[in-house]
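1 is the number of the first residue of the sequence shown in the UniProt record's numbering; add one for each residue after it.
Please keep in mind that the hints were generated in silico from the structure rather than gathered at the bench.
Built from N, CA and C at the ideal position, the CB exists for glycine as well.
A couple of the hints might just be wrong.
As the list claims (entries may be wrong) - Beta-carbon label-pair distances, calculated as ranges:
#: 1; residue 1: Pro71; residue 2: Arg356; range: 19 to 27 Å
#: 2; residue 1: Asp428; residue 2: Gln364; range: 51 to 59 Å
#: 3; residue 1: Arg35; residue 2: Ile358; range: 21 to 29 Å
#: 4; residue 1: Gly272; residue 2: Gly323; range: 35 to 43 Å
#: 5; residue 1: Arg249; residue 2: Val164; range: 36 to 44 Å
#: 6; residue 1: Thr243; residue 2: Gly377; range: 34 to 42 Å
#: 7; residue 1: Val361; residue 2: Arg504; range: 33 to 41 Å
#: 8; residue 1: Arg35; residue 2: Arg504; range: 48 to 56 Å
#: 9; residue 1: Ala262; residue 2: Pro71; range: 14 to 22 Å
#: 10; residue 1: Gln364; residue 2: Gly452; range: 41 to 49 Å
#: 11; residue 1: Gln160; residue 2: Val285; range: 32 to 40 Å
#: 12; residue 1: Glu298; residue 2: Arg35; range: 16 to 24 Å
#: 13; residue 1: Val361; residue 2: Thr185; range: 53 to 61 Å
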Amino acid sequence: MRVAALWFPDWPVQAAKLEAEDTLEEPIAIAVQHRIKVCSQEARRAGVRRGMRVRNAQAVAPELTVVEDNPERDGRTFSALAGSLDDVAASVEVLRPGLVVADLAAAAKFHGDEDTALEMLLDAAARHGIDVMAGAADEIATAVIATRSSHVVAAGESAQFLAVQPLRVLTAETALGADPETVCTLGQLGIQTLGQLAQLPSSAVMTRFGVAGIHLHRIASAAPDRRVAPELPVEDFAVEMTTEEPIERVDAAAFAARALAATLHQRLKGAGVHCLRLKISAELVDATRVERVWRTQEALTEAGTADRVRWQLDGWLTNGGAGPIASLMLEPLELAQPDMVGELWSDGASDEGARRVIERVQSQLGMEAVLQPVAVGGRGVAERIQLVPYGEVPPQGRGVFVGAVPSPLPARLGGGIEHPSSRVQLLDSADQPILLNAEVLLSGQPTTLVWGKRCYDITAWAGPWPVDEEWWGAHPTRLARLQVLGHDQAVGTGQRGWLLVWHRQRWSVEALYH
1 MRVAALWFPD
11 WPVQAAKLEA
21 EDTLEEPIAI
31 AVQHRIKVCS
41 QEARRAGVRR
51 GMRVRNAQAV
61 APELTVVEDN
71 PERDGRTFSA
81 LAGSLDDVAA
91 SVEVLRPGLV
101 VADLAAAAKF
111 HGDEDTALEM
121 LLDAAARHGI
131 DVMAGAADEI
141 ATAVIATRSS
151 HVVAAGESAQ
161 FLAVQPLRVL
171 TAETALGADP
181 ETVCTLGQLG
191 IQTLGQLAQL
201 PSSAVMTRFG
211 VAGIHLHRIA
221 SAAPDRRVAP
231 ELPVEDFAVE
241 MTTEEPIERV
251 DAAAFAARAL
261 AATLHQRLKG
271 AGVHCLRLKI
281 SAELVDATRV
291 ERVWRTQEAL
301 TEAGTADRVR
311 WQLDGWLTNG
321 GAGPIASLML
331 EPLELAQPDM
341 VGELWSDGAS
351 DEGARRVIER
361 VQSQLGMEAV
371 LQPVAVGGRG
381 VAERIQLVPY
391 GEVPPQGRGV
401 FVGAVPSPLP
411 ARLGGGIEHP
421 SSRVQLLDSA
431 DQPILLNAEV
441 LLSGQPTTLV
451 WGKRCYDITA
461 WAGPWPVDEE
471 WWGAHPTRLA
481 RLQVLGHDQA
491 VGTGQRGWLL
501 VWHRQRWSVE
511 ALYH
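The task is simple: from the sequences and hints, build the whole structure.
Below, the structure is given as structure tokens:
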């Protein structure tokens, strides 16, 4: 068996650029829960790394463009891109958005040789501004590892290729299913390469590390792997829907996806099994049939199935040019028993469970009873976050804000610029108040900040930045912001930072830096 793998580096970044039609400015990073998930090559050159807090990343790269993580965008964009490979290879399998494998042997037989088939796969995947790397080997896992260096491993030489690969390649790609803790433990025991891991007796690895260890050992040993997108013999759980009217719109596709996913998972639940690999098939109004195979490392949930079906239908309808859809079928290709150990030792918390509880509260107390914070953008700090009812579509960001507070942003909000506890005094060296004139210039050099009974020696400051909002209206907002660093006079140490606002002829603390 020969396998070709196509890897699209930093796919969430590339998907965001595609959706924005290349209007995003480099460097770019994708963030989830205030940490960097993926970053572009330009961001890495600037010092940004995965796992960084967004504030730290913006400190090392102030020009960094941060985009919120959106798995739906990643999947929807990639499904359309993967569809371009169907004309080259018959068996194409999506391991995750950004990584796809194909049956190279069949493609080479049809197109003449492997080099031609690989070149055609790369050409089919080529899009404006999209980076892609290809690899080939006898096994799926080896081909995936080979993409990192754009290497074509000759037939029968997988073991030699893997022998010199560092152990860390196992955790570089989530689709390999490597357990990070097991890989870390192996490294601490002196295993530095896959060749050293392959030399260990499989029985010893199984005894010490269990299923997770033997999985890594099989990858390192280039053990025979499954075929690309095989239809395994399983009980018929396929579900099908034939619509009265052809599906032509994305909203209709989303409704069909939810309905079919619910029916499929009801059958799977009754049989006590989970789906790991799913074939999505659609018959068009002209009797043409299109299909795509999706695979996940973890069992597909009902919501996960609906998402993948929606991504795929969106790709066929909007980007693939397939045409109106007359019928739709979901067919599980690989099933597994539930992981009872994981259920036993888990804490029972899940996003799905939380969602059900929140929806129950909203049904009793109203939609406004549960609010979620969303980033909407703004010049200041507090105005960048808006609370919306849980489940509603967040408002779109309002674009670029000239004069916005530069990153990194403060860590804690003050009491509000109108609250008496937020009022402070700025003094110069003669203990005279620092005011702001009509030209938005400071009346003197700030040396002291007085907040309540505490006095702080100012060591640095930046600004002020004027803000005139809704100047055309009856009640315009005119203010200015100033960044200040200093330390407590009583203590003498401990640097602190404040974001001050000049409003109604006085200074107030809008936010604090940590």
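Hints, one by one, checked against the model:
no.: 1; hint: Pro71 - Arg356: 19 to 27 Å; in the structure: 20 Å, holds
no.: 2; hint: Asp428 - Gln364: 51 to 59 Å; in the structure: 58 Å, holds
no.: 3; hint: Arg35 - Ile358: 21 to 29 Å; in the structure: 24 Å, holds
no.: 4; hint: Gly272 - Gly323: 35 to 43 Å; in the structure: 38 Å, holds
no.: 5; hint: Arg249 - Val164: 36 to 44 Å; in the structure: 52 Å, violated
no.: 6; hint: Thr243 - Gly377: 34 to 42 Å; in the structure: 39 Å, holds
no.: 7; hint: Val361 - Arg504: 33 to 41 Å; in the structure: 40 Å, holds
no.: 8; hint: Arg35 - Arg504: 48 to 56 Å; in the structure: 38 Å, violated
no.: 9; hint: Ala262 - Pro71: 14 to 22 Å; in the structure: 20 Å, holds
no.: 10; hint: Gln364 - Gly452: 41 to 49 Å; in the structure: 43 Å, holds
no.: 11; hint: Gln160 - Val285: 32 to 40 Å; in the structure: 52 Å, violated
no.: 12; hint: Glu298 - Arg35: 16 to 24 Å; in the structure: 21 Å, holds
no.: 13; hint: Val361 - Thr185: 53 to 61 Å; in the structure: 43 Å, violated
The structure fails hints 5, 8, 11 and 13 (numbered hints given earlier, in ascending order).
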